[in-house]
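> Let the hints inform the model, and build the full structure from the sequences given.
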Amino acid sequence: MNKAADKQARILIIDDEPEITDIVETYFESVGFDVKTANSGEDGLSQARKFKPNLILLDIMMPNTSGYEVCNQLKSMPELTGVPVVFLTGRDTREDSGRSFQVGGDMFVKKPFSCERLLDLVRIALSSTVK
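Counting from 156, one number per residue, gives the positions in the sequence shown under the numbering used here.
Don't read these hints as lab results, they were simulated from the structure. Any given hint might turn out to be false.
[Said to hold, decoys possible] Restraint-style ranges between C-beta atoms, simulated for each label pair:
no. : residue 1 : residue 2 : range
1   : C270      : Q163      : 15 to 25 Å
2   : E174      : P233      : 26 to 36 Å
3   : D177      : D275      : 17 to 27 Å
4   : S283      : Q257      : 12 to 22 Å
5   : N227      : V264      : 12 to 22 Å
6   : S185      : N227      : 30 to 40 Å
Just so it is clear, CB atoms sit at the ideal spot from N, CA and C, and this is done for glycine as well.
The following block contains the structure:
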């Protein structure tokens with residue numbers, strides 16, 4: 156996927172930390188993505204149904220509904236089954252990494268991360284789904 160293609164890509168960021176969603180949203184919009192955010196799993200699921208993102212950035216550790224549970228629900232929706240999910244986490248355990256892939260995640264990124272590095276990973280994930 157090239158930079159021109161970013162303009163067509165829709166990204167949903169689901170993270171319970173508004174500072175993270177604000178920073179990532181601002182950066183990704185500045186390079187041309189259409190971005191929506193949610194600060195809870197429940198809101199994220201609702202946004203995903205309406206927004207129909209091309210990629211989802213999803214925090215693992217959130218109150219009420221974990222990122223794993225959210226991913227399971229997203230992947231059970233026929234219209235979102237093929238949407239790549241990039242997990243974000245402050246933890247760095249093999250268990251989290253393994254479980255991320257078991258529930259349908261495509262990538263696993265440890266916090267803190269640079270927006271530039273995250274952008275590279277997002278473009279890789281999108282290029283594998285865009286034909």
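> Taking the hints in turn, state whether each one holds.
Evaluated hints:
no. : hint                    : in the structure
1   : C270 - Q163: 15 to 25 Å : holds (20 Å)
2   : E174 - P233: 26 to 36 Å : holds (34 Å)
3   : D177 - D275: 17 to 27 Å : holds (21 Å)
4   : S283 - Q257: 12 to 22 Å : holds (19 Å)
5   : N227 - V264: 12 to 22 Å : holds (19 Å)
6   : S185 - N227: 30 to 40 Å : holds (32 Å)
Consistency note: the structure conflicts with none of the earlier hints.
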